[in-house]
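Using the hints, build the complex out of the two chains.
Line by line, the protein sequences give chains H and C. Note that the numbering used here gives residue 112 to position 112 of the first sequence, counting from 1, and the numbers run on in steps of one. Note that the numbering used here gives residue 277 to position 277 of the second sequence, counting from 1, and the numbers run on in steps of one.
By construction, these hints were calculated from the structure, which means they are not laboratory data. Every residue, glycine too, gets a C-beta built ideally from N, C-alpha and C. Do not rely on the hints blindly, as some may be mistaken.
[As the list claims (entries may be wrong)] Restricting the straight-line Cα-Cα distance to at most 25 Å, the calculated cross-link-like pairs of lysine-lysine (BS3-like) are:
1) C:Lys351 / H:Lys209
2) C:Lys204 / H:Lys37
3) H:Lys205 / H:Lys193
4) H:Lys209 / C:Lys247
5) C:Lys370 / H:Lys37
6) C:Lys350 / H:Lys37
7) H:Lys114 / H:Lys162
8) C:Lys370 / C:Lys268
9) C:Lys115 / H:Lys115
[Stated by the list, open to error] For each label pair, taking beta carbons as the anchor points, the in silico distance ranges come out as:
10) H:Asn65 / C:Lys341: 43 to 49 Å
11) C:Arg183 / H:Ile203: 54 to 60 Å
12) C:Ala588 / H:Lys2: 41 to 47 Å
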Amino acid sequence: MKTVTFRISRGDATGSKLVDYTTEVSEGMVVLDVVHKIQAEQANDMACRWNCKAGKCGSCSAEINGMPKLMCMTRLDQIPIDKPVTIEPMKAFPRLRDLVTDVSWNFRVKKKIKKFNPRPPDAPDGTWRMQQEDIDRVQEFRKCIECFLCQDVCHVLRDHDKHEEFIGPRYLVYTAALEMHPLDTEDRLPELKQAHGIGFCNITKCCTKVCPEHITITDNAIIPLKERVVDEFYDPLGWLWKLLRKKE
Amino acid sequence: MTNYETFEYDVLVIGAGGAGLRAAIEASAAGVTVGLVCKSLLGKAHTVMAEGGMAAAMGNVDDRDNWKVHFADTMRGGQYVNNWRMAELHAKEAPDRVHELEAWGAVFDRTKDGKILQRNFGGHRYPRLAHVGDRTGLELIRTLQDHGIHQGINVHMEYTIVTLLKDGDRVVGAFGYDRERGRFRVFRTKAIVMATGGLGRAYKITTNSWEGTGDGVSLAYHAGAELMDMEFIQFHPTGMVWPPSVKGILVTEAVRGEGGVLRNKDGKRFMFDDIPDNYKSQTSDNPEEGWRYTQGDKNAKRPPELLTRDHVARCINREVKEGRGSPHGGVFLDIAWIKEKIPNAAEHIKKKLPSMYHQFIQLANLDITKEPMEIGPTTHYAMGGIRVDGETQMSSVPGLFAAGECAAGLHGANRLGGNSLSDLIVFGKRAGEFAAKFAKENDFAALDLTQVEAAEQEALEPFGRAAAAEGPYRVQYDLQDMMQSLVGIVRREDEMVRACDEVEKLKARAAKVVVHGHREYNPGWHTALDLKHLLTCAEAITRCSLDRKESRGGHFREDFPEKDAEAAKVNTVVWKAADGSMKLRREAITEMPAELKQVIEDMK
Ligand SMILES: Cc1cc2nc3c(=O)[nH]c(=O)nc-3n(C[C@H](O)[C@H](O)[C@H](O)COP(=O)(O)OP(=O)(O)OC[C@H]3O[C@@H](n4cnc5c(N)ncnc54)[C@H](O)[C@@H]3O)c2cc1C
Ligand code: SF4
Ligand code: SF4
Ligand code: FES
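With the rest of the complex left out, here is chain C (with noise of 0.2 Å):
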């Protein structure tokens, strides 16, 4: 490897978010040594961006809480197409996590009596969130990092993975660059761990910066691993859509468990028309209990605003679409109501809600405790990924792991808000551990020079093309457009096949983008290096999508719109065949131990 500056570590963590550091800080506490690249600078993935809090059932604000409610709750959300095993792991194992947080210095938000609170969140049966104000993702995210940096893992800040290199059926490598320079790297590695995050960057409204490219999905998938549910996305149901510039931007879950509630543009609260039956029994059909749920009353119902996202989503959807939305197309979302309820209401929700707060006035030249927000659906988090086993975490590649956002099962066809947090933490551990495992019984591997060579032409050929040639952010647009209107919250058909051919059509073009300038933070040149990574993603995603026929949590068909019980009992794998083909099957569930099918009874 001369060309080449080589980088040698047992355990070669791919993302910083915070699966990604939580995996290198467990993995360095098995005493290996541990690389751990991401995209930007430490501490600024989209792990910062979480609001609302993470899940775990520690009961602290009702004592009724424990892991087979929160089980049931996921797998209820998830409506039974989750891996039941990494359930039941996470519910088990989040309570410990957040508390190791707390003696790694995080700060959350207290009871009366000092323990962490925990608040109300979209299907969760309980008050279960550990939070701090609207800015739970930057207290995780920077606990880990402050944590991390003096467990002697070396951080490569700023770099990019462009290729996985494999020797025989394993993973022995990476292959990427520095966004400085542009130099090209390579890391010689016995195991990988994939906590590369989502892929919302596929869609044009989406709450995910630009690193939300689906880079590991895409890194895994070509290196041979299978991946699992790309079908079932999460439209948020509350982004910003007004002023153009910031259509998309999260609102916070967190401001309808605070009381807020959605109306149209006639006033009327829409969300009592439509609760579906197996969530009638926990949700309130009137108002004022809907009120004192999320003001803590344990013996009330939760208002229909709170029921799961992908169904909040679809109501608003069919709102707007039938002409009852706000000026901007969008629907209303109203936490300045309280004021009837409580004094000093416009301090109360500067405290509960302060970056939301800031957000508008900042943004939208709005002020949420005098004035209703405008809101729509905005694509937020990938439920599908990586297909990992639920108790290693170990991708169909052997020493190939994947954790959090860019890994597939815990959440099923839905994600509950604050399972994604939890879920960083319990499966970074896991995978963390059992990649350092791996790596303690297995060797380096020799790198095949070939396949650094080939990875270097493809990465350097947008360079080379003619002056003439279009750039690549056009061709991004147009595939952001293309997926939100071809294979966006509601689907069909006819649309999806029109969409496998349009991917046909912009992966001819993605070949020929011309690239000007030179290698140094170029990010025309990043933005075409990563089109590989979104159009495999939309591939998978239309495909496996087209081959669910029924509609479950994030996938809605139209010309489909019931559950199937069939469906119920398969997950959709993809693949990537010899000829380089994506390649589709429908692979059972097993079944589920009587424990857990107990637990879910018992929580009905």
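Next comes chain H alone, as it looks inside the complex (with noise of 0.2 Å):
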């Protein structure tokens, strides 16, 4: 048995102060089972979310020696354990308390997004009809588990707070899930250009390194519903920027 020691970010919205604990660990063992064991046998009120312990379901996002991961998927033999491993609450959002953060403006962003809105059904017994390279986009985008760790990462949210102004990669995302919709008649580029604020997003691809459903955010949403704005819009700059990326 080899020992490990978790500096753990303890505290709530007041202040913080990362606590050491030490602790048995066998092999094979994830992050999540270290916190489980930790809170288990020393710190019985030490809050942390998780669901699935199986990377589907998107609850147990942190920082782990300040990389933004899935504790339930990040195994001990991926990360040096021979010094102290810091574990911290993502640091986009509010925290309430140890490792747990405020995600609820994500869920009143998603509700802003305009809904899913078919074209009447192509069959008379009220089906449609898609073809599986029509939807292999879309599908690739709805493997989203809404663990946030996009959100947390993108420094549009992270450091310059702009929660008001930008939806952030994952309802840029989920926009692209919509809009690309072979079924979906609705349009949302309006707002994608003022209030949703994909203006803000220069591309830096943070969002996609760090997804772990290795959804390739930047490239296959966000760039191609930019490019949907600019041709709607006929944005001059837009078009510049298009241009230039054209010659890349």
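See below:
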């Protein structure tokens, strides 16, 4: 049996401190196992979120040695454990307690995006026909488990606090899934440009890098949306941007 | 109600998995006000983890399929102790419910002619499971969530209900706390839909998340509702067994549906050795035919790996017990072998089973396209639960409805894979509809403050206890160990008698656990409060299992290994007597109408 030290950020909105916990670990353990072990043995009241323990629900997001990750999918043999492992809550959202943050903003943002609005059914029995190749892209976006790690890492939210003006990568992916849905008839481009602030994204691709579902957020969702916005609004700066990109 | 923030809804839905969301959408569409409470964030309920698909006889892949075949399959799978009315409604209504999801934005995998694709699954005669790769539950919950948030439903996330409030016989409210601050909340309502999911956390090795503590079953029981079929627990044959920290996590049946085979340590496909008589006519006796079946050959019979879960789980158990298991106490599940059959097998596997591929790479450091997995049985699903009326989903308590995994009836002694997700949308809708109707026909009742105060006091007690007392986790672990070893896959009278004593001892310990810290987001406190539910479920499971002196579906008795014709005629029902003790009776199953009997006959 090896031992590891976890340096866990404990506290609430009013303040926090890093507390060291040392515990024994066995082969194959993930970070969430260690957090649970500490919770059960040394700190019954330490707060963290989790559900599936299999990377499917997107509850256990945290920053492990500063990297935004799912705790349940980070094996101990993937991180250095000869020195203390720091576990902190996501920084882009207000802390409630310990590793739990207030992510309710995300749920409010989603509500503002116009819902799915299908064309009339294709067949008399009320069903539709779609080809698999026409939905591959949308299915990629719909893999999203709403872990909000992309929101956490995006500098527009994390460093510049533009929560009121920018919906963030998660909701650009969500908008893209609706806009590219073969059956959808709604137009979401005007608000994408205005209230939802797609222009704030400057394609740093940090969101794509952290996505545990490997959704190519920037290339497959955001850039095509930007192009649609540009096409629709004949924005001269946007045109220039597009031209430059084509030359790349 | 001066001390507590109080919310008022015509219908209160407890639980935001597939069943709860679907119920809330339906009730709200009926024009009543709806509140929805859930222990986790919206969209994180257990439903999100479902993988393989949802069963609906749409006949898109094989046009011989229709509701009658689905009905007969469900009854055969449940070994005929199902509520036949529910099985009938389920088979008839599932296709419409699936199409409705598509109208709400779901994007299922497609057939060549652009329809919803359907896949094979254990116990289903034809390819029947609508799916999205192996993340169907995510698609279901997200579709309902994204549709539901525009329906005027008021969602209370991270709230836990700890008691139902009554006025005479009727439920009229609920009492709970919010996890964030630990503040108490009162809900005043005309009707309640219970949709709290499963109780797998009563066992040590389980696919269920922390939420699966049987809250709804226990809340309903303590409010006077009858529970039914609690002895029928589904042990899924394929859970991960290694590394230790992931023990129990599900490996979807779709692996076998796509051609995966089970082998023991000698490399033998042991499932061919034991095919039950009532499935012989539908099961192939050679590997070649089995393979053709998984590849869509309509004339081939299915391989024995796709027999019902209870049977496969017991065969695995036997191999392990008799020393033919894998190094970590399971057997081998091999999908990599299909490279002998098809080119690009690795790509094919990754495309068909993407999340299984990732799960094994990331958690076990194993590439399923190259090596076999090690798997073993894991506690998965509760067929039993709150006893409901098949039509309306109302329990024996007026105003209290139940749908989804916490309700009993549809699945009988064993659930077929894919029949849960369809259960959620068929009976979620019905529960929502009839709860709304009940709410329109009944008024709000006055809430009884003494009930609320008693509940508050009970909830706060663990904080006041001696600091040296034991914490809640120890008791929880001991309960899980006990159930795993005494009331698990293979059961015996003497062990279950012991389990009854153990439950009493654990109850006494649970009544003394101490909780440290404060009420804000305190998992120790939450675990302490959940103990009551786990213990109630454990007691019901044990008592019902003791009473059923035969083996059927998920319930296997070493001392009564055969089926018993008399026991086939009853369901086991428990309820809480006035003195607080658990009472049990055998309830005769009502006779099936002639048309349905005929359907079963025709499909034999
Ligand atoms: C890994 C896995 C794979 C599966 N795959 C399939 C499959 O392929 N096909 C299939 O048909 N079935 C499958 N199942 C089974 C199926 O997913 C579940 O049976 C089903 O999702 C249960 O749904 P539900 O709506 O009844 O409850 P859940 O989805 O479990 O939701 C329960 C809800 O109740 C809430 N709740 C619980 N207690 C309280 C309380 N005290 N107060 C407030 N809220 C409360 C929870 O927070 C949650 O929101 C699978 C299950 C697992 C674990
Ligand atoms: S690519 Fe855009 S959305 Fe993604 S992190 Fe960078 S700025 Fe944010
Ligand atoms: S897009 Fe990826 S990172 Fe962002 S919320 Fe979804 S799964 Fe998480
Ligand atoms: S617990 Fe579900 S993603 Fe980690």
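Okay, the hints, checked on the actual structure:
no.: 1; hint: C:Lys351 / H:Lys209; result: holds, 22 Å
no.: 2; hint: C:Lys204 / H:Lys37; result: holds, 15 Å
no.: 3; hint: H:Lys205 / H:Lys193; result: holds, 19 Å
no.: 4; hint: H:Lys209 / C:Lys247; result: violated, 29 Å
no.: 5; hint: C:Lys370 / H:Lys37; result: violated, 33 Å
no.: 6; hint: C:Lys350 / H:Lys37; result: violated, 33 Å
no.: 7; hint: H:Lys114 / H:Lys162; result: holds, 21 Å
no.: 8; hint: C:Lys370 / C:Lys268; result: holds, 19 Å
no.: 9; hint: C:Lys115 / H:Lys115; result: holds, 23 Å
no.: 10; hint: H:Asn65 / C:Lys341: 43 to 49 Å; result: holds, 44 Å
no.: 11; hint: C:Arg183 / H:Ile203: 54 to 60 Å; result: violated, 43 Å
no.: 12; hint: C:Ala588 / H:Lys2: 41 to 47 Å; result: violated, 59 Å
Taken one by one, the earlier hints fail for this structure at numbers 4, 5, 6, 11, 12, listed in ascending order.
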